[in-house]
Amino acid sequence: MTSRGISIGVSRYLSSLERLFRLDRGVPQGKVRWAVDGLAGALALGVVAATPAAAQDKPSALGLGIFTFTSGPAAAYGMPGKNAADLMIDEINAKGGIGGVPVSATYVDEAQGAQGVIAEYRRLAGDAKNQVMVAALSSANCLALAPLADQLEVPTVGWNCDTHQLLMDGKSKYVFRPNGNTVPEFIAYAIYLLDRKPDLKTVAIINPDYAFGHDAAKIFTAALKALKPDVEIVAELYPKLGSPNYQTEISRLTTTRPDVVFSNLWGADLENFVRQAAPRGIFTSSQVILALGETVLQRVPLPDGVIVGVLGDGWWMSPDAKNKPETVKFAEAYKARFGEYPVFPSIKMANALIYVKAAYDAAMQKNGGKWPTRGELAAAMKGSKVETLTGTAQTRADNDGLVDQIVGVTVKTPAQQSPVIGDMVRYKGDSLMPQAGQDPLAWIATLKPEFAKSLPKPGSYK
Amino acid sequence: MPTIIAAAAVLVIALLPVAAPWLQFVLTLAIAKGFAALGVAVLLRAGLISIGHAMFFAASAYAVAFLARAGVNDLGLLLILSVLGGALVGAVAGSFLVRYRAIFFAMLNLAVSMVFYALCAKLYGVTGGTDGKPVPVPAVFGVVLGEPAFKSVLFYLSLGLMVLVGLAVQRYLNSPLGHALSAVHTNEIRLEYLGIPVWAVLLIAYVVSAALAGLGGAIAGFAIGRVVPDFAFWTASGHLVLIAVLGGIGGVPGAFIGALFLELLHSAAVTVTDSWNLIVGMALIIVIMFMPKGIYGLFARKEATGL
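These protein sequences, in sequence, are chains U and V.
Reading the first sequence from the start, the letters are residues 1 to 462 in the UniProt record's numbering.
Reading the second sequence from the start, the letters are residues 1 to 307 in the UniProt record's numbering.
Honestly, I wouldn't trust all of these hints.
Under the rule of at most 30 Å between Cα atoms (straight-line distance), these lysine-lysine pairs were calculated in the DSSO-like manner [claimed, not checked]:
hint: 1; chain 1: V; residue 1: LYS122; chain 2: U; residue 2: LYS240
hint: 2; chain 1: U; residue 1: LYS218; chain 2: V; residue 2: LYS293
hint: 3; chain 1: U; residue 1: LYS357; chain 2: U; residue 2: LYS129
Hints listed in this document are in silico derivations from the structure and should not be mistaken for laboratory results.
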């Protein structure tokens, strides 16, 4: 009721401006009245729309802002996320929604760049219906949105972005990442590689030319140097993101003949690289590591023995996932609807939505079944431990996540058309993470070969 | 009559964020881009198309980020210093770029700006690579504000600057120095015979336009809170040329009209569909085909018939 009073007041005030400023100089009176009334009407509408609904009533629908790439080259990675979100939201709504409230998502295309993403975030956050943002895929966008999330006090779940800088200062109250970050993700590959190929001497790196590629190279190199100091990096290649042609880089790799080729190329870039590198014998002359290789298993024929992983535990065929009926059901429903089995970005998105649902359940349990406010929701996310489709996501005190890391090699199986991951290892999430507030690279430098010996071995995860 | 329309337009822009708070960011950004597009429009008067002005936009935004890190923490000082930074980069680049005309000028601007872009993206340790650098919230004349209050101050400051700087640029374009620009376009040799140094005329215009782009970049940096190399990418430069042409180069308001139109259109399109590129593209085709003098041309023509 108060909001209506406010809007009437605003309209009257504005109408009085008309006399105050004598806007009628030379302009027909009717036009000015029309303009001022229109303006007043727009304002009144805006005031009513901007007044938040009483937080404790259950709304008719729960809005989620979901940020992913739905256009441009990065959509090869972003669309599986969007597909999974569509499916997961349908599944949640089929079971009665969250606390009886149906969920609806507004998708925001990250291909607009940071400016557009920020504008959309502000617009969605202005609507009280949207209580949670699931943002974002790109690390640059997560970094740009993080200060905004704390300022507008909107719980924001980073579903994919994995830069270790995001939560480094440990001050964020509303930004959460129920995933690992670049540090555990790429240390895992170094440890797995040294277990599998202990006598390696030379390594070449080919990563995309932006922060994710450079960060991964830095972390992977630092971990290798700490665990086996005599390893030599013979080439560091950074092809442009979205490059269609890798022949120059492949020539360089064939002439340096490294023992190991490490790459965190992804999306269409990775498919192109694999298609061009395979005929030129890279996969036979070197041990290849494709950090995001799982995403292309169903699309390009990868030879056996390539080290691949899922940057976390999101492998839908892992023993843990296979033991969960809901995961198997999700994967089959995904295949039926989109024609492919889920890839790990899909699982990351599905897990992020499960994380949001768990936070609602926890917050409502805590306040006696009432609909939670944004603040209560963030409090419920803090320090939570959530059972996901593929494992558990534990949230630390600094809001960063602890998630297990699965690494393995490609193997063929009669049960499946495309190669699967075999000879797997599952590293515990906390074992590869520095303590909250610790400088990650300084921490990696302190690692000793004995540390790697204490961890599980390839093939131990069955 | 035009003054009243302009005043009413500014008033509407000033009041829009009261109705829809999220629009404040969109409008701040539109004004920021309007400044940069105005810079492009100044050079367009002389028939010179710069497909590289995003460089000055980005340079000044990076300047804000670096100065803030170095301890300069006042909005006014940061704005002035970063605009000077943009102008300085403009003076250096302009000193050799204004010797060229037509396609060579456009391409060289593009080339220089892409070198700048590559440096921002590659100098990982200095610029933070593609993740960029944060721009903190500065104090406003010694008053430390919270983020929401600062964003409002920034918006109304930009709006005020839009009017003041717009008037100043109008005066500049109506001065002999400004009219010399159109003369360069029509007959450069005659200008030299009249004893007017074309090189100096163009260099001044170039520095003015770089400073305008710099002002826009600094505002955008504050509004977004983060500077990324994409600010300097050639598509961003193309975007500025597009805004200038779309709004119309007939007068100063054109650049701001174009920027507001494009930003609001973009915001509206992304809320409707994933295929927002399609809507934005179609709208641009329509404007360019049916309004050859830009959106501002519509108003200007009406005014002429009214007389």
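Results for each hint:
no.: 1; hint: V:LYS122 / U:LYS240; result: holds (11 Å)
no.: 2; hint: U:LYS218 / V:LYS293; result: violated (52 Å)
no.: 3; hint: U:LYS357 / U:LYS129; result: holds (16 Å)
Of the numbered hints stated above, the single one contradicted by the structure is hint 2.
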